[in-house]
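Taking the numbering used here, the leading residue of the sequence shown gets 1, the next gets one more, and so forth.
No lab work stands behind these hints: they were computed from the structure. Because the structure is a prediction, the values reported are computed rather than measured. Where is the CB? At the ideal position from N, CA and C, for every residue including glycine. Hints are supplied without guarantee of correctness; some may be wrong.
To be verified - Listed next, the in silico DSS-like pairs over lysine-lysine satisfying Cα-Cα at most 30 Å (straight line):
1. K87 with K99
2. K39 with K87
3. K60 with K86
4. K49 with K62
5. K60 with K49
6. K78 with K39
7. K39 with K68
8. K68 with K78
9. K78 with K62
10. K99 with K60
11. K82 with K99
12. K39 with K49
13. K49 with K68
14. K39 with K82
15. K86 with K49
16. K87 with K68
17. K60 with K78
18. K99 with K62
19. K49 with K99
20. K60 with K87
21. K86 with K68
22. K86 with K99
23. K87 with K49
24. K49 with K82
25. K82 with K68
26. K62 with K87
27. K39 with K62
28. K39 with K60
29. K86 with K62
30. K78 with K49
31. K39 with K99
32. K82 with K62
33. K68 with K99
34. K60 with K82
35. K86 with K39
36. K99 with K78
To be verified - The following label-pair restraints were derived from C-beta to C-beta distances:
37. D105 with A56: 27 to 35 Å
38. F46 with E66: 17 to 25 Å
39. K82 with G44: 12 to 20 Å
40. G44 with K86: 17 to 25 Å
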Amino acid sequence: MERWRNIEFKEEEKVIFEALNESEDATDAEIGEAWFVGKVHTQGSFNSKAFMTTMAHILKVKGGVEIKEVGGNLFTFKFPSKSDMKKVLGREPWFFDPKLIVMNDM
Numbered sequence: 001m002e003r004w005r006n007i008e009f010k011e012e013e014k015v016i017f018e019a020l021n022e023s024e025d026a027t028d029a030e031i032g033e034a035w036f037v038g039k040v041h042t043q044g045s046f047n048s049k050a051f052m053t054t055m056a057h058i059l060k061v062k063g064g065v066e067i068k069e070v071g072g073n074l075f076t077f078k079f080p081s082k083s084d085m086k087k088v089l090g091r092e093p094w095f096f097d098p099k100l101i102v103m104n105d106m
């Protein structure tokens with residue numbers, strides 16, 4: 001029933017995650033336990049600015065969530081705390097217009 005849980009990131013997308021983790025400019029807060037990477041699962045187009053604005057609003061995280069576009073339908077989500085991140089991940093699956101959002105905590 002929950003086939004969405006079996007969707008995985010491609011190897012080339014995992015390379016992007018590794019680069020984010022190894023970034024010399026990143027601080028511990030940026031790459032710590034309170035962030036994850038999400039992918040809008042589509043081959044079609046979508047409005048990435050509308051996605052980031054909508055998701056920041058509907059996630060309802062106290063203190064807000066910072067969403068940045070990485071490219072290739074990939075986005076980073078930075079939370080003020082690990083507990084906020086876990087709440088969001090616990091409410092999966094997430095959809096946007098009606099595309100599945102695959103999430104992977106890093």
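We went through each hint and held it up to the structure:
no., hint, result
1, K87 with K99, "holds (21 Å)"
2, K39 with K87, "holds (18 Å)"
3, K60 with K86, "holds (13 Å)"
4, K49 with K62, "holds (21 Å)"
5, K60 with K49, "holds (18 Å)"
6, K78 with K39, "holds (14 Å)"
7, K39 with K68, "holds (12 Å)"
8, K68 with K78, "holds (9 Å)"
9, K78 with K62, "holds (12 Å)"
10, K99 with K60, "holds (20 Å)"
11, K82 with K99, "holds (26 Å)"
12, K39 with K49, "holds (14 Å)"
13, K49 with K68, "holds (10 Å)"
14, K39 with K82, "holds (20 Å)"
15, K86 with K49, "holds (24 Å)"
16, K87 with K68, "holds (20 Å)"
17, K60 with K78, "holds (13 Å)"
18, K99 with K62, "holds (25 Å)"
19, K49 with K99, "holds (15 Å)"
20, K60 with K87, "holds (10 Å)"
21, K86 with K68, "holds (19 Å)"
22, K86 with K99, "holds (22 Å)"
23, K87 with K49, "holds (23 Å)"
24, K49 with K82, "holds (25 Å)"
25, K82 with K68, "holds (18 Å)"
26, K62 with K87, "holds (11 Å)"
27, K39 with K62, "holds (23 Å)"
28, K39 with K60, "holds (19 Å)"
29, K86 with K62, "holds (13 Å)"
30, K78 with K49, "holds (16 Å)"
31, K39 with K99, "holds (10 Å)"
32, K82 with K62, "holds (12 Å)"
33, K68 with K99, "holds (18 Å)"
34, K60 with K82, "holds (14 Å)"
35, K86 with K39, "holds (17 Å)"
36, K99 with K78, "holds (21 Å)"
37, D105 with A56: 27 to 35 Å, "violated (18 Å)"
38, F46 with E66: 17 to 25 Å, "holds (20 Å)"
39, K82 with G44: 12 to 20 Å, "violated (34 Å)"
40, G44 with K86: 17 to 25 Å, "violated (31 Å)"
In summary, the numbered hints that this structure violates are 37, 39 and 40.
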